[in-house]
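In order, the protein sequences belong to chains F and V.
Numbering of the first sequence is given in the working numbering, commencing with residue 73 and proceeding in unit increments.
Numbering of the second sequence is given in the working numbering, commencing with residue 45 and proceeding in unit increments.
Take these hints with a grain of salt, some might be off.
[Claimed, not checked] Derived coverage of chain V by chain F (criterion: at least 3 residues anywhere in the stretch with Cβ under 8 Å from a Cβ of chain F; other residues may be distant):
id : segment
1  : 58 to 68
2  : 131 to 145
3  : 192 to 206
[Unchecked claim] Beta-carbon label-pair distances, calculated as ranges:
id : chain 1 : residue 1 : chain 2 : residue 2 : range
4  : F       : L207      : V       : R150      : 34 to 42 Å
5  : F       : V273      : V       : Q340      : 22 to 30 Å
6  : F       : S109      : V       : R328      : 13 to 21 Å
7  : V       : L345      : F       : F267      : 55 to 63 Å
8  : V       : L54       : F       : F267      : 30 to 38 Å
9  : F       : S109      : V       : L50       : 54 to 62 Å
10 : F       : R167      : V       : R124      : 52 to 60 Å
11 : F       : I174      : V       : L116      : 30 to 38 Å
[Said to hold, decoys possible] Below, computed lysine to aspartate or glutamate pairings styled on DMTMM-like, alpha-carbon distance capped at 25 Å:
id : chain 1 : residue 1 : chain 2 : residue 2
12 : F       : K332      : V       : D137
13 : F       : K332      : V       : E314
14 : F       : K332      : V       : E159
15 : F       : K100      : V       : E314
Calculated directly from the structure, the hints in this document are not laboratory data.
All C-beta atoms, glycine included, are put in the ideal place defined by N, C-alpha and C.
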Amino acid sequence: MTESTYSPGLGSAAPPVRVKQMSRRRAKLRQNVRRASVYVVAIAIAIWILLPIWLIMTMAFSTSDAVRAFPKSFLPDPISFNNMQFFLNSEGVLRSTLNSVIVAVLALVISTLLAVPAGYAIARFVFRGRDAIRLGILSVRAFPIVVLAVPLAVVFIRLGMYDQAYSLAMMHAALTLPTTILVVASVFMSLPYEFEEAAQVFGCTRLQAFWRVVLPLAVPGIAAAAVLTFVLSWNEVFAAILLTITNRTLPAQILYNLDKSSDPFKFAGGFFMLVPSLIFIFFIRRYLFNLWGQLNK
Amino acid sequence: MNRQKLLPYLLLLPSLIYLLLFFAYPMLESLQLAFRREGQYLAVRAEPNDTAAVVGTLAMQTDVAVLGRERLEETLPNGRTRPFYWFQIEGTDAAGQTVQGWASQRDLFIESRTESETARVVNGQSTQEWTLEYVQRMLSDYRFGSALGTTILLIVLIIPLQFILAIIMALVLQARIRGSSLFLYIFAIPLGISDLASGILWYSIFTQRGFLNSFLVGTGLLESPFIFIRVGNESWMILAIVLAEVWRATSIVMIIVVSGLQALPSDYVEAGQVFGANLWQRLRYIILPLLKPSLQVALILRTILAFQVFAVVVAIAGREVLSVLANETYRWYDPQRYNSPNMAAVYAGFIMLLSLGISLFYLRAVRSQEEAANRL
Numbered sequence: 073m074t075e076s077t078y079s080p081g082l083g084s085a086a087p088p089v090r091v092k093q094m095s096r097r098r099a100k101l102r103q104n105v106r107r108a109s110v111y112v113v114a115i116a117i118a119i120w121i122l123l124p125i126w127l128i129m130t131m132a133f134s135t136s137d138a139v140r141a142f143p144k145s146f147l148p149d150p151i152s153f154n155n156m157q158f159f160l161n162s163e164g165v166l167r168s169t170l171n172s173v174i175v176a177v178l179a180l181v182i183s184t185l186l187a188v189p190a191g192y193a194i195a196r197f198v199f200r201g202r203d204a205i206r207l208g209i210l211s212v213r214a215f216p217i218v219v220l221a222v223p224l225a226v227v228f229i230r231l232g233m234y235d236q237a238y239s240l241a242m243m244h245a246a247l248t249l250p251t252t253i254l255v256v257a258s259v260f261m262s263l264p265y266e267f268e269e270a271a272q273v274f275g276c277t278r279l280q281a282f283w284r285v286v287l288p289l290a291v292p293g294i295a296a297a298a299v300l301t302f303v304l305s306w307n308e309v310f311a312a313i314l315l316t317i318t319n320r321t322l323p324a325q326i327l328y329n330l331d332k333s334s335d336p337f338k339f340a341g342g343f344f345m346l347v348p349s350l351i352f353i354f355f356i357r358r359y360l361f362n363l364w365g366q367l368n369k
Numbered sequence: 045m046n047r048q049k050l051l052p053y054l055l056l057l058p059s060l061i062y063l064l065l066f067f068a069y070p071m072l073e074s075l076q077l078a079f080r081r082e083g084q085y086l087a088v089r090a091e092p093n094d095t096a097a098v099v100g101t102l103a104m105q106t107d108v109a110v111l112g113r114e115r116l117e118e119t120l121p122n123g124r125t126r127p128f129y130w131f132q133i134e135g136t137d138a139a140g141q142t143v144q145g146w147a148s149q150r151d152l153f154i155e156s157r158t159e160s161e162t163a164r165v166v167n168g169q170s171t172q173e174w175t176l177e178y179v180q181r182m183l184s185d186y187r188f189g190s191a192l193g194t195t196i197l198l199i200v201l202i203i204p205l206q207f208i209l210a211i212i213m214a215l216v217l218q219a220r221i222r223g224s225s226l227f228l229y230i231f232a233i234p235l236g237i238s239d240l241a242s243g244i245l246w247y248s249i250f251t252q253r254g255f256l257n258s259f260l261v262g263t264g265l266l267e268s269p270f271i272f273i274r275v276g277n278e279s280w281m282i283l284a285i286v287l288a289e290v291w292r293a294t295s296i297v298m299i300i301v302v303s304g305l306q307a308l309p310s311d312y313v314e315a316g317q318v319f320g321a322n323l324w325q326r327l328r329y330i331i332l333p334l335l336k337p338s339l340q341v342a343l344i345l346r347t348i349l350a351f352q353v354f355a356v357v358v359a360i361a362g363r364e365v366l367s368v369l370a371n372e373t374y375r376w377y378d379p380q381r382y383n384s385p386n387m388a389a390v391y392a393g394f395i396m397l398l399s400l401g402i403s404l405f406y407l408r409a410v411r412s413q414e415e416a417a418n419r420l
């Protein structure tokens, strides 16, 4: 029997038992061809994804003159921080980056603080209205940001909260809260209740059992959800451009000045915006499938 | 005992209140913005006093003719009196009708209270009235049709491509070739990339001095750079936007598909293999139908997001040449341009309507398919 390196997902390539020698060799050839073609497709897609990132990276690490040059080379030559420095020193960039970080961190904190008790409640308790609430939270996820941003802007102006980091952060938290609640709920659901029961047998109150036993175990999953909130807030542009004027976040700053910006500025800015995302997604990639799979339960 | 029962509700309460505050309340506010006009109108009265009947209303800054005046007295806190005038005025209201009646000196700007023949309305009461004016303005706006058309065109092009690519990516990952985890990371990279960054990336490729032209000219396929992004080359711009969105947002769908695939019972697929189905047949008759629930949810979420496409379009095509619904929303809101939250709210509401309609359509379409299948 030939060994198969395929998972049953695509169907095992192991042929039925009673086959002649020739068929077996033909089957093996077919299997190799199939495996090779999967590789080809995988590499093609990988190139498709990586190429634009590589290209913008060359622009980010070139001199501004090299960015304006034509034709452009596919390798930075020379490698220089000149363009990046030009971008970072441009007016408003560092400030808006700081604003972006502040807003994202605030959104993360608010969202996590609200989601953890809510997720725990959904995970551990059976109560009337549980399914309705879950359904409600799920449908809120689908809400268009555009519809929320306009009236919130008006309301914030009225309340004197306009153009502040904390108000934008609150809105981002509201946008990510449904997802975070459901993720936290599934994280808690995957941890057996026996741990808390055991802790309570040994004299802990329910709160202590939660705090000392379950919460530490849940931290990686909760952290992954928190990171997602951060990335979402960092990237968010429509609400940001509506709700901030003097305290712009980075995407709002770049978008607002896009038609007046030079190419070197744009390219460096684009690269700068996607670096944190690259880093964060690297750290939470293992959780990604868990996050979605559990969301659907 | 009772407190135990309340505990889950208490834990949920902050989140629910928060969500209500940030979703339900803006929704109501949005309806108000879209359908109510706030204005200031002067109530013109039948008699020269505040309690008389109102015969008509005049808008601010309306010029009126002074037909007569009545001098009354008002009493000051210290007991002294001073004259207080009412004027009989005549002017045209917003609908073009002539309004004649009395208004006090509080509400008019008049050069000389005793002698002037004309005055101007400067004060009145705030009123709110339901109106379809904003909706009408949106529907008749010259950019509305093209914004709607562009948005729909983008959706029709992007979504099928994304789903096909996502399924391919998911199947590749599912094959567990060597290096799968590296491919997993690479395929998931665009997850964290914002639509603005993606737009800039693909702009750098399609712009006149960009990489695509560099490649074409450098290899001699073209004499001089082709200007992809300009008025008249809308198709190229649409292509660039479609590529940017497919590049960026496919990973999200891929993750959903992979999770769905992992949940599939492998027996079905193996049975198909044993019975001689090739890959395409296995895909079409076994895998895809079983994936339908996941795909349905992904489709709804992705389409709703697609109706709000904004930064990609601005990054590649600018704000003026090619517009989408979200861009129009921002344009109307922008304090430096039209500064009309009302119009912005109408556009946003329209996006919402489309999103709802599409979701219902998807749900109903899938349900009818299931019903048809059950009837067999």
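Evaluated hints:
1. 58 to 68: holds (count 8)
2. 131 to 145: Three-residue rule not met by the segment 131 to 145 of chain V, so violated; n is 0.
3. 192 to 206: violated (count 0)
4. F/L207 with V/R150: 34 to 42 Å: violated (55 Å)
5. F/V273 with V/Q340: 22 to 30 Å: Since the Cβ atoms of F/V273 and V/Q340 sit about 45 Å apart, the hinted range of 22 to 30 Å is violated.
6. F/S109 with V/R328: 13 to 21 Å: Holds, at about 19 Å.
7. V/L345 with F/F267: 55 to 63 Å: Taking Cβ atoms as reference, V/L345 and F/F267 lie about 34 Å apart, which means the hint is violated.
8. V/L54 with F/F267: 30 to 38 Å: Check failed, 23 Å falls outside 30 to 38 Å.
9. F/S109 with V/L50: 54 to 62 Å: holds (60 Å)
10. F/R167 with V/R124: 52 to 60 Å: holds (58 Å)
11. F/I174 with V/L116: 30 to 38 Å: violated (59 Å)
12. F/K332 with V/D137: Violated, because 44 Å separates the two Cα atoms, which is more than 25 Å.
13. F/K332 with V/E314: violated (58 Å)
14. F/K332 with V/E159: Given that 25 Å is the threshold and the Cα spacing comes to 56 Å, the pair is violated.
15. F/K100 with V/E314: The given pair, whose Cα atoms are some 18 Å apart, holds under the 25 Å limit.
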